[in-house]
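Enquirer: Residues per chain, in single letters:
Protein chains: 2
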Amino acid sequence: MMKFSLTDTDGDARRGQLIFPRGTIDTPAFMPVGTLGSVRAVAPDEVRQTGAQIILGNTFHLMLRPGTEVVSAHGTLHDFMGWPGPILTDSGGFQVWSLAQKRQISEQGVYFRSPVDGSSVFLGPEESMTVQKSLGSDVVMCFDECTSYPATRAQANASMQMSLRWAQRCAAVPLRAGQALFGIAQGGMYEDLRMESLTQLEKIGFAGYALGGLSVGEPKDDMLRILQAVGPTMPKDKPRYLMGVGKPEDLLAGVAAGIDMFDCVLPTRNARNGWLYTRRGIVRLKNAVNRSDTRPIEVDCPCAACARFSRAYLRHLYVTGELLGSRLCTLHNLVYFQRLMSDIRNAIARNQFATFARDFLTDFAGEGRDMA
Amino acid sequence: MMKFSLTDTDGDARRGQLIFPRGTIDTPAFMPVGTLGSVRAVAPDEVRQTGAQIILGNTFHLMLRPGTEVVSAHGTLHDFMGWPGPILTDSGGFQVWSLAQKRQISEQGVYFRSPVDGSSVFLGPEESMTVQKSLGSDVVMCFDECTSYPATRAQANASMQMSLRWAQRCAAVPLRAGQALFGIAQGGMYEDLRMESLTQLEKIGFAGYALGGLSVGEPKDDMLRILQAVGPTMPKDKPRYLMGVGKPEDLLAGVAAGIDMFDCVLPTRNARNGWLYTRRGIVRLKNAVNRSDTRPIEVDCPCAACARFSRAYLRHLYVTGELLGSRLCTLHNLVYFQRLMSDIRNAIARNQFATFARDFLTDFAGEGRDMA
Numbered sequence: 019m020m021k022f023s024l025t026d027t028d029g030d031a032r033r034g035q036l037i038f039p040r041g042t043i044d045t046p047a048f049m050p051v052g053t054l055g056s057v058r059a060v061a062p063d064e065v066r067q068t069g070a071q072i073i074l075g076n077t078f079h080l081m082l083r084p085g086t087e088v089v090s091a092h093g094t095l096h097d098f099m100g101w102p103g104p105i106l107t108d109s110g111g112f113q114v115w116s117l118a119q120k121r122q123i124s125e126q127g128v129y130f131r132s133p134v135d136g137s138s139v140f141l142g143p144e145e146s147m148t149v150q151k152s153l154g155s156d157v158v159m160c161f162d163e164c165t166s167y168p169a170t171r172a173q174a175n176a177s178m179q180m181s182l183r184w185a186q187r188c189a190a191v192p193l194r195a196g197q198a199l200f201g202i203a204q205g206g207m208y209e210d211l212r213m214e215s216l217t218q219l220e221k222i223g224f225a226g227y228a229l230g231g232l233s234v235g236e237p238k239d240d241m242l243r244i245l246q247a248v249g250p251t252m253p254k255d256k257p258r259y260l261m262g263v264g265k266p267e268d269l270l271a272g273v274a275a276g277i278d279m280f281d282c283v284l285p286t287r288n289a290r291n292g293w294l295y296t297r298r299g300i301v302r303l304k305n306a307v308n309r310s311d312t313r314p315i316e317v318d319c320p321c322a323a324c325a326r327f328s329r330a331y332l333r334h335l336y337v338t339g340e341l342l343g344s345r346l347c348t349l350h351n352l353v354y355f356q357r358l359m360s361d362i363r364n365a366i367a368r369n370q371f372a373t374f375a376r377d378f379l380t381d382f383a384g385e386g387r388d389m390a
Numbered sequence: 019m020m021k022f023s024l025t026d027t028d029g030d031a032r033r034g035q036l037i038f039p040r041g042t043i044d045t046p047a048f049m050p051v052g053t054l055g056s057v058r059a060v061a062p063d064e065v066r067q068t069g070a071q072i073i074l075g076n077t078f079h080l081m082l083r084p085g086t087e088v089v090s091a092h093g094t095l096h097d098f099m100g101w102p103g104p105i106l107t108d109s110g111g112f113q114v115w116s117l118a119q120k121r122q123i124s125e126q127g128v129y130f131r132s133p134v135d136g137s138s139v140f141l142g143p144e145e146s147m148t149v150q151k152s153l154g155s156d157v158v159m160c161f162d163e164c165t166s167y168p169a170t171r172a173q174a175n176a177s178m179q180m181s182l183r184w185a186q187r188c189a190a191v192p193l194r195a196g197q198a199l200f201g202i203a204q205g206g207m208y209e210d211l212r213m214e215s216l217t218q219l220e221k222i223g224f225a226g227y228a229l230g231g232l233s234v235g236e237p238k239d240d241m242l243r244i245l246q247a248v249g250p251t252m253p254k255d256k257p258r259y260l261m262g263v264g265k266p267e268d269l270l271a272g273v274a275a276g277i278d279m280f281d282c283v284l285p286t287r288n289a290r291n292g293w294l295y296t297r298r299g300i301v302r303l304k305n306a307v308n309r310s311d312t313r314p315i316e317v318d319c320p321c322a323a324c325a326r327f328s329r330a331y332l333r334h335l336y337v338t339g340e341l342l343g344s345r346l347c348t349l350h351n352l353v354y355f356q357r358l359m360s361d362i363r364n365a366i367a368r369n370q371f372a373t374f375a376r377d378f379l380t381d382f383a384g385e386g387r388d389m390a
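Just so you know, the sequences run in chain order A and B.
Under our numbering, the very last position in the first sequence is 390; numbers go up by exactly one each time.
Under our numbering, the very last position in the second sequence is 390; numbers go up by exactly one each time.
Keep in mind the hints are simulated off the structure, nothing from the lab.
Remember, predicted model here, so these are calculated numbers, not experimental data.
Errors might be hidden in some of the hints.
[As the list claims (entries may be wrong)] Between beta-carbon pairs, the in silico distance windows are:
#1 Arg121(B) to Asp63(A): 44 to 50 Å
#2 Asp63(A) to Arg376(B): 37 to 43 Å
#3 Met213(A) to Asn305(B): 51 to 57 Å
#4 Val307(B) to Gly136(A): 46 to 52 Å
#5 Thr217(A) to Arg66(B): 57 to 63 Å
By construction, the Cβ of each residue, glycine as well, lies at the ideal position given by its N, Cα and C atoms.
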C-alpha cells in the first residue's frame with residue numbers, strides 16, 4: 019500500500035516521501051518516461067544511478083506492443099523491463115488524444131486506429147484499468163479525456179464531466195493489492211471547472227490527484243494561471259502530480275504551486291537531439307563552438323558522460339549518429355533533472371525555495387539564451 | 019614497444035600474447051571494430067568487460083570526422099574515445115576501395131570524393147601514416163590497395179606490386195615511439211602472388227603481417243584456399259592478422275591456418291539487426307517464436323543482456339526500434355565472440371583445437387540452420 023508523508027513545507031512548496039513496497043520516492047520527484055518499457059537509450063540500472071526512484075510506462079503503447087500477454091508471461095512490467103522500483107503508468111487517455119488516428123469517442127470509451135498496424139482498438143476506463151492491473155503498476159492513472167486547447171467553456175465542461183464519469187468507473191474496477199489509483203483533474207483553461215473537477219474527484223476518493231491537459235499547446239501564461247490557482251487547492255494529504263511537465267522553469271513553478279510529482283520526455287528526447295542541460299542553460303552539441311571543446315558538458319556533473327567524455331567527443335557522436343551519443347546525453351540530462359529535484363528538495367527543507375528558484379533561473383538564462 | 023610471444027602451438031594453430039605498454043592481448047584475438055571512435059552502441063568500459071583487449075579504429079573515417087586535429091586536442095584516439103587499451107587502426111586502404119566515390123588511383127595515392135560532404139580528399143601512404151601517428155595507434159597498418167575480386171593475374175600482380183611500393187614508403191615514415199607497423203599481403207586469389215607479396219614485405223621488415231583483400235566477395239572456397247596456403251607460411255615470430263574476418267567458422271579456419279588476430283563488424287552489425295549468436299547457431303529476434311519467450315538468449319552467458327533480459331524483451335526492443343536493444347544485443351554478440359576466442363585459446367593450450375573446432379561446428383549448425 020502506498021504511503022505519503024510530508025516532511026517540510028515552504029510557502030505552498032512541499033517536501034515529502036511516497037513509500038511503496040518496491041521503493042521510496044523523495045518528493046518533489048521527477049519521473050523519467052519509459053514509454054515502451056525502456057527509458058529510451060539507457061538501461062534500468064543506469065536510470066537508477068541517475069537518482070530516479072520511479073519511472074513512467076504507457077498503457078497505450080504497451081497494450082499495442084508487446085501486448086499485455088507478453089509482459090504477463092514475465093510477471094509484471096517491472097519483471098519484463100528489469101526495473102525493480104516503482105512504476106507509474108499513464109492511462110492511455112493522453113496518447114489516444116495525441117497519437118491515435120480516427121478517434122471515435124463515446125461515453126463508453128474510444129475506438130481508434132492503432133498507429134502501429136492500423137487495426138481498430140478500443141480503450142475505455144475498464145480496459146485501461148485491466149491493462150494497468152496486468153502491468154502491475156504501482157501507480158495507476160484514471161482513464162480520462164484530455165481536453166483540447168482551445169476549447170469553449172461548454173466543450174471543456176462536457177469533456178471534464180465525461181472524465182469524471184470515467185473516473186467513477188475506473189474507481190469501481192478492482193486492482194491488485196497495493197496498486198494506488200490517481201484521479202486526473204481536467205477542465206481546460208477554466209479555473210472553476212478545474213476546481214469542480216477536483217471537488218468531484220475527491221468525493222470519489224483517490225490515492226493521489228493529478229492535473230492533466232496542461233502543456234497541450236496553450237500559452238505558458240494560461241498554464242501557469244491554472245497551475246497557480248489549482249495546485250495549492252489540491253488535497254494536502256495526497257500526492258499531487260502535474261502530468262507531462264516539463265522544462266526546468268516549469269518544474270520550479272509547479273513546486274511553487276505545491277506539486278509533488280512530474281514527468282516529461284524533455285530530458286530524454288532533447289538528449290537524443292543533442293540538447294544538453296547545464297546550470298547555465300542549454301548546450302546544443304550541433305553548434306560549431308563545441309567542435310574541439312575538450313571540456314565536459316558540466317564540470318561538476320557526476321554523470322557517465324561528464325566523467326569521461328568531452329563536448330567535442332559527444333558532438334562527434336551526435337554528428338555521426340553514433341548510438342553511444344544518445345545514451346551519454348540521456349544520462350547527462352537525466353542526472354541534471356534529478357540533481358535539480360534534489361536541490362529543490364534541499365531548498366524546501368531549508369525554507370529557501372523562493373531564493374533557490376530565483377537564483378536558478380538567473381543562472382539558467384545565461385548560456386541558455388545564447389545557445390538555444 | 020610491442021612484444022609478441024607464443025606460448026602454445028597445436029598443428030598450425032598458435033596461442034600467445036601481444037604485449038603493449040597500454041595492455042596485453044591474448045592471441046588468437048578478436049578485435050571489435052570502433053570505426054568512428056566508438057564501438058557502435060556500447061561504451062568503452064562495456065567493451066572491456068566483454069573481454070576485448072584491443073579494438074579497431076578507422077583512419078579513413080576518423081580523418082573525415084571528426085578530423086585528426088579534433089582528436090589531437092584530446093591527446094590520442096584513446097583519450098578522445100575513452101578507451102585506455104591498445105588500438106589498431108586500419109590504414110584507409112580498404113575503405114577507399116569500398117566506400118569512396120570517384121576514386122582516382124595513381125602511384126602517389128588516391129584522390130576520392132568524401133562520402134560525408136563530397137569534398138575532394140587525398141590519401142596516400144604518407145598521409146595514412148601521418149593520420150595514424152597522430153591518432154597514436156598502437157598498431158599502424160600500411161596503406162595498401164585492396165585488390166578487387168575478380169581480378170586477372172596481371173591485375174592482381176600490378177595491384178600487389180603497387181601495395182609493396184606503398185608499404186616501402188609507409189615504412190620510411192617515422193612514427194611515434196612504440197607504434198608497431200604491420201605490412202599487408204595482397205595478391206588476390208593467386209597463391210604465388212600472395213607468397214611473393216609476403217616475401218617482399220619481410221624484406222622491408224614489419225612488426226606484424228596481415229592478409230588483406232579477403233572476404234571481398236570471393237567464393238568461400240577461394241578465401242579458405244588462400245588462407246590455408248599462405249597463413250602457415252607467414253613469419254612465425256610475428257603476429258599474423260586476417261583482416262575483416264569473420265564468421266565463427268571463419269575464425270576457426272583462420273586459427274587452424276595459424277592466424278593470431280581477427281577483426282570484423284559482424285558481431286556488432288548483426289546485433290543491431292537482431293541477429294544473436296549462440297552456441298547452437300543464430301537466433302533472429304524478428305522471428306515470432308521469440309515473441310513470448312522468457313528465456314535469455316543463452317542460459318550460461320554472462321553478458322548484460324542474458325543476465326537480466328528475456329528473448330521476448332529483446333525482441334520487443336528490436337521491433338520497436340528502442341536504442342537499448344542495439345546495445346544489449348551488441349554486448350551479447352561481443353561476449354559471444356570473446357568467449358569463442360577464449361575457448362579457442364584454451365583448446366590450443368590443451369592441444370585439442372581440432373576436436374574443439376569440429377564439436378563447435380556441429381553444435382553451431384543446429385539452431386543456426388533452423389533460425390538463419
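Enquirer: Could you run down the list of hints and mark each one as holding or not?
Expert: Status of the hints after comparison with the structure:
| no. | hint | verdict |
| --- | --- | --- |
| 1 | Arg121(B) to Asp63(A): 44 to 50 Å | 46 Å, holds |
| 2 | Asp63(A) to Arg376(B): 37 to 43 Å | 40 Å, holds |
| 3 | Met213(A) to Asn305(B): 51 to 57 Å | 54 Å, holds |
| 4 | Val307(B) to Gly136(A): 46 to 52 Å | 25 Å, violated |
| 5 | Thr217(A) to Arg66(B): 57 to 63 Å | 59 Å, holds |
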